[in-house]
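S.K.: Sequence:
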Amino acid sequence: ETSLKVTGIDFLKSQNTRQHHTDGYNIKNLVVRRGQPFQVQVSLNRELRAADKLSLRFGIGENPMKNKGSLLSLKPAREDFNGWKISVVKKNGKECLLSVTTSPNAPVGKYNLHVKTGANIYKPENGVIYLLFNPWCEDDVVYMANEAQKKEYVLNDTGYIYVGSAYSIYDRPWNFGQFEEFVLDACMYLLDKSKLSLSDRRDPANVSRAMSALVNANDDNGVLLGNWSGNYISGTSPMDWIGSVTILQKYYKTKKPVRYGQCWVFAGVLNTVMRCLGVPSRCVSTFEAAHDTEENLTVDIYLNEKGEKLNSLSFDSVWNFHVWNDVWMKRKDLPDGFDGWQAIDSTPQEQSQGRFQCGPCPVKAVREGDVYLPYDSKFVYAEVNADRVYWVVKKVNGKEKYFKVGTETHDIGKNISTKAVGQNRREDITREYKYPEGSREERMSMQRATSFIHPSGLVPRSGYASTVQTFGGSTQPLVQNEPVTKTGLHLEITNTEALHPGSPLEMAITVKASTPGNWTVDLTGSCQLQYYTGKVQANLGTIKETINLEGTSEMQIPLKIAPDAYMKTLSSVEDEVLILVTAIAEVKETKDKLTKETSMRFEYPPITVQMPETAKLYNDFTCAFIFKNTLNVILENCKLLVEGLGIFKMTTFEQGDIMPGRIMKSEIICTPTRLGERKIVAKLISNQIKGISTEKAITIT
Numbered sequence: 001e002t003s004l005k006v007t008g009i010d011f012l013k014s015q016n017t018r019q020h021h022t023d024g025y026n027i028k029n030l031v032v033r034r035g036q037p038f039q040v041q042v043s044l045n046r047e048l049r050a051a052d053k054l055s056l057r058f059g060i061g062e063n064p065m066k067n068k069g070s071l072l073s074l075k076p077a078r079e080d081f082n083g084w085k086i087s088v089v090k091k092n093g094k095e096c097l098l099s100v101t102t103s104p105n106a107p108v109g110k111y112n113l114h115v116k117t118g119a120n121i122y123k124p125e126n127g128v129i130y131l132l133f134n135p136w137c138e139d140d141v142v143y144m145a146n147e148a149q150k151k152e153y154v155l156n157d158t159g160y161i162y163v164g165s166a167y168s169i170y171d172r173p174w175n176f177g178q179f180e181e182f183v184l185d186a187c188m189y190l191l192d193k194s195k196l197s198l199s200d201r202r203d204p205a206n207v208s209r210a211m212s213a214l215v216n217a218n219d220d221n222g223v224l225l226g227n228w229s230g231n232y233i234s235g236t237s238p239m240d241w242i243g244s245v246t247i248l249q250k251y252y253k254t255k256k257p258v259r260y261g262q263c264w265v266f267a268g269v270l271n272t273v274m275r276c277l278g279v280p281s282r283c284v285s286t287f288e289a290a291h292d293t294e295e296n297l298t299v300d301i302y303l304n305e306k307g308e309k310l311n312s313l314s315f316d317s318v319w320n321f322h323v324w325n326d327v328w329m330k331r332k333d334l335p336d337g338f339d340g341w342q343a344i345d346s347t348p349q350e351q352s353q354g355r356f357q358c359g360p361c362p363v364k365a366v367r368e369g370d371v372y373l374p375y376d377s378k379f380v381y382a383e384v385n386a387d388r389v390y391w392v393v394k395k396v397n398g399k400e401k402y403f404k405v406g407t408e409t410h411d412i413g414k415n416i417s418t419k420a421v422g423q424n425r426r427e428d429i430t431r432e433y434k435y436p437e438g439s440r441e442e443r444m445s446m447q448r449a450t451s452f453i454h455p456s457g458l459v460p461r462s463g464y465a466s467t468v469q470t471f472g473g474s475t476q477p478l479v480q481n482e483p484v485t486k487t488g489l490h491l492e493i494t495n496t497e498a499l500h501p502g503s504p505l506e507m508a509i510t511v512k513a514s515t516p517g518n519w520t521v522d523l524t525g526s527c528q529l530q531y532y533t534g535k536v537q538a539n540l541g542t543i544k545e546t547i548n549l550e551g552t553s554e555m556q557i558p559l560k561i562a563p564d565a566y567m568k569t570l571s572s573v574e575d576e577v578l579i580l581v582t583a584i585a586e587v588k589e590t591k592d593k594l595t596k597e598t599s600m601r602f603e604y605p606p607i608t609v610q611m612p613e614t615a616k617l618y619n620d621f622t623c624a625f626i627f628k629n630t631l632n633v634i635l636e637n638c639k640l641l642v643e644g645l646g647i648f649k650m651t652t653f654e655q656g657d658i659m660p661g662r663i664m665k666s667e668i669i670c671t672p673t674r675l676g677e678r679k680i681v682a683k684l685i686s687n688q689i690k691g692i693s694t695e696k697a698i699t700i701t
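So the sequence shown is numbered by the working numbering: it starts at 1 and just counts up by one.
It cannot be assumed that every hint is accurate.
Okay, the calculated beta carbon distance ranges per label pair [stated by the list, open to error]:
#1 192 x 170: 36 to 42 Å
#2 305 x 333: 48 to 54 Å
#3 67 x 676: 42 to 48 Å
#4 68 x 146: 33 to 39 Å
#5 155 x 510: 21 to 27 Å
#6 546 x 624: 25 to 31 Å
#7 432 x 94: 53 to 59 Å
#8 73 x 333: 26 to 32 Å
#9 610 x 146: 50 to 56 Å
Calculated pairs, EDC-like style, for lysine to aspartate or glutamate (alpha carbon to alpha carbon, straight line, at most 20 Å) [said to hold, decoys possible]:
#10 639 x 667
#11 5 x 47
#12 649 x 240
#13 91 x 10
#14 253 x 181
#15 13 x 1
#16 110 x 200
#17 306 x 506
#18 512 x 592
#19 75 x 47
#20 330 x 138
#21 560 x 545
#22 151 x 23
#23 544 x 554
#24 364 x 240
#25 53 x 80
#26 75 x 95
#27 544 x 305
#28 94 x 47
#29 512 x 545
#30 28 x 125
#31 591 x 554
#32 639 x 576
#33 306 x 545
#34 394 x 592
#35 394 x 522
#36 150 x 677
#37 679 x 613
#38 591 x 550
#39 696 x 10
#40 649 x 185
Hints are computed from structural coordinates only; laboratory data are not their basis.
From the three backbone atoms N, C-alpha and C, an ideal C-beta is built for every residue, glycine too.
Let the hints inform the model, and build the full structure from the sequences given.
M.R.: What follows is the structure, encoded as structure tokens:
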């Protein structure tokens with residue numbers, strides 16, 4: 001009697017991956033999602049008989065063992081094993097078609113498949129199967145019912161990250177590229193590196209927390225090294241990335257942290273990792289995000305007598321924007337009511353349980369003020385709900401004294417944004433994070449949160465700061481209402497002309513009074529250049545005026561900055577800078593004080609992409625990038641970065657200097673290798689400007 005032997009196995013890749021929505025992954029191996037059947041065709045040396053012993057063995061990790069749950073031995077028609085089961089679909093001579101269903105809460109990762117027949121073990125080549133989370137399976141905790149949402153949050157490999165300031169939000173195209181070569185392998189390497197136990201790998205809450213730690217390099221040699229110093233000579237400037245692919249490929253190849261990232265790069269990479277592993281994920285940008293509020297929900301901003309913000313004293317800071325991620329899951333570890341989106345953040349800011357990791361924190365807990373829930377909900381709550389307190393520092397008899405000049409209670413955590421589902425536009429999701437300002441629900445949520453948050457607590461931002469004694473003892477939680485002055489004073493800051501680099505910056509401060517009477521107002525205004533982290537880079541100019549307002553009236557005071565005042569700074573910094581205007585108004589008659597600040601971004605000429613609207617698979621087409629320098633300043637050391645997933649790899653064109661009025665044109669020959677809508681992303685970087693980017697879609701048939 002010949003013993004039964006396996007002569008071959010077919011993983012039926014194209015059929016399985018289509019059904020599992022994994023046909024995009026650029027990898028030889030079979031990639032499937034948990035809780036959903038897939039088929040394999042086993043070829044034998046003879047027909048399978050009733051008495052024959054055949055089993056499929058799935059092993060995960062270095063040394064798979066049955067008693068540890070890392071080795072599963074499945075026999076057809078037997079009851080399931082750990083929620084896994086296999087069955088014979090059909091027998092045809094020496095061929096045997098098997099169906100395998102994994103458990104909807106199986107540990108995700110790489111499984112080695114061996115086929116055992118009697119005493120014989122068959123080890124197929126490419127026998128490693130990648131098992132991912134499954135948002136299409138109702139029993140998986142990452143299940144998402146809406147098809148369009150899954151298409152966006154799991155399968156879309158391009159998108160936008162919203163940056164700028166609340167006053168001028170703009171989109172930065174980003175290639176997530178979760179299906180590109182080596183990206184899945186990089187994610188599997190991170191899973192192994194996380195040292196998560198097998199049972200922890202079942203739960204996306206544990207996996208997403210571990211990934212938030214591993215995407216930064218801070219305590220575990222993770223993917224990206226953060227750098228906010230302005231000096232990136234020993235790596236790539238954070239502004240120069242246009243997607244996650246190059247970063248993850250480089251990391252997987254070298255196993256060393258890639259230099260350098262800032263928040264949108266961390267969020268872009270974490271988004272890639274989570275989508276790649278099968279967890280629905282989106283990049284979330286918050287404008288005016290509070291950082292390091294010592295858990296007392298206030299951020300202190302210090303100004304000098306000219307109204308200029310001082311870096312040296314501010315240990316708390318408000319970032320013009322901050323980007324993190326939301327991941328979608330049921331939270332089995334929490335009371336009911338906190339399923340859905342969970343915030344995770346891989347930008348290294350605060351240590352949580354001894355590591356730089358943040359989340360998952362239920363977005364609903366932030367909205368309801370339930371900030372005792374794991375993980376890091378106090379921190380996330382403070383980022384979107386703190387108050388901003390302004391102090392003026394004056395010298396009195398040679399000593400520095402601090403005078404409080406105003407409190408902004410509705411300024412932090414504005415315009416919370418993500419890319420809309422299935423559309424290239426911004427969706428405002430502030431309502432998911434907070435109740436409307438001033439509503440009864442908001443007040444209740446605030447009271448609830450403050451009952452859990454005590455002024456002592458948060459460790460200072462590592463390497464950024466050390467805490468300073470708050471002046472005048474502890475800061476009481478401020479009364480939640482707009483600071484309305486007796487005069488009904490109101491300040492507005494706007495730009496009166498487009499803000500083009502190389503041209504004068506023309507802005508205005510409008511002072512309004514809404515109460516009858518004659519008011520004398522001392523107005524101080526300042527203009528500075530700052531990083532998105534709130535760090536001031538240069539002082540550009542100040543104004544001081546005394547104006548008279550009668551009754552309900554308003555007056556506009558111009559603030560104009562000549563190009564010479566800022567172009568040198570603009571050309572010497574490696575980061576994109578924003579224009580910060582701060583105003584302080586003091587009413588002589590009532591001693592009322594009011595402050596207001598607004599950040600604006602420079603406006604740039606566009607890049608135009610010229611190419612056909614459709615192209616055929618594997619047929620070359622030409623794509624042209626055109627840029628006209630309409631500014632009256634030379635753009636030095638221009639570099640054009642372009643990437644098209646499934647069309648061409650990341651390419652850099654060195655363009656040298658582009659004179660005012662000159663047109664630059666670059667062409668690239670494209671060979672599409674993937675079907676469907678594909679996007680080409682382009683970015684132009686020079687000494688003077690960092691932030692010009694664009695994208696264009698093409699349909700491949």
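S.K.: With reference to the structure, classify each hint as holding or not holding.
M.R.: Hint-by-hint comparison with the structure:
| no. | hint | verdict |
| --- | --- | --- |
| 1 | 192 x 170: 36 to 42 Å | holds, 38 Å |
| 2 | 305 x 333: 48 to 54 Å | holds, 52 Å |
| 3 | 67 x 676: 42 to 48 Å | holds, 46 Å |
| 4 | 68 x 146: 33 to 39 Å | holds, 38 Å |
| 5 | 155 x 510: 21 to 27 Å | violated, 47 Å |
| 6 | 546 x 624: 25 to 31 Å | violated, 56 Å |
| 7 | 432 x 94: 53 to 59 Å | holds, 57 Å |
| 8 | 73 x 333: 26 to 32 Å | holds, 30 Å |
| 9 | 610 x 146: 50 to 56 Å | violated, 36 Å |
| 10 | 639 x 667 | holds, 14 Å |
| 11 | 5 x 47 | holds, 10 Å |
| 12 | 649 x 240 | holds, 15 Å |
| 13 | 91 x 10 | holds, 14 Å |
| 14 | 253 x 181 | holds, 12 Å |
| 15 | 13 x 1 | violated, 34 Å |
| 16 | 110 x 200 | holds, 15 Å |
| 17 | 306 x 506 | holds, 19 Å |
| 18 | 512 x 592 | holds, 13 Å |
| 19 | 75 x 47 | holds, 17 Å |
| 20 | 330 x 138 | holds, 11 Å |
| 21 | 560 x 545 | holds, 14 Å |
| 22 | 151 x 23 | holds, 13 Å |
| 23 | 544 x 554 | holds, 17 Å |
| 24 | 364 x 240 | violated, 35 Å |
| 25 | 53 x 80 | holds, 17 Å |
| 26 | 75 x 95 | holds, 17 Å |
| 27 | 544 x 305 | holds, 10 Å |
| 28 | 94 x 47 | holds, 5 Å |
| 29 | 512 x 545 | holds, 15 Å |
| 30 | 28 x 125 | holds, 10 Å |
| 31 | 591 x 554 | holds, 19 Å |
| 32 | 639 x 576 | holds, 15 Å |
| 33 | 306 x 545 | holds, 11 Å |
| 34 | 394 x 592 | holds, 18 Å |
| 35 | 394 x 522 | holds, 16 Å |
| 36 | 150 x 677 | holds, 16 Å |
| 37 | 679 x 613 | holds, 11 Å |
| 38 | 591 x 550 | holds, 17 Å |
| 39 | 696 x 10 | violated, 39 Å |
| 40 | 649 x 185 | holds, 18 Å |
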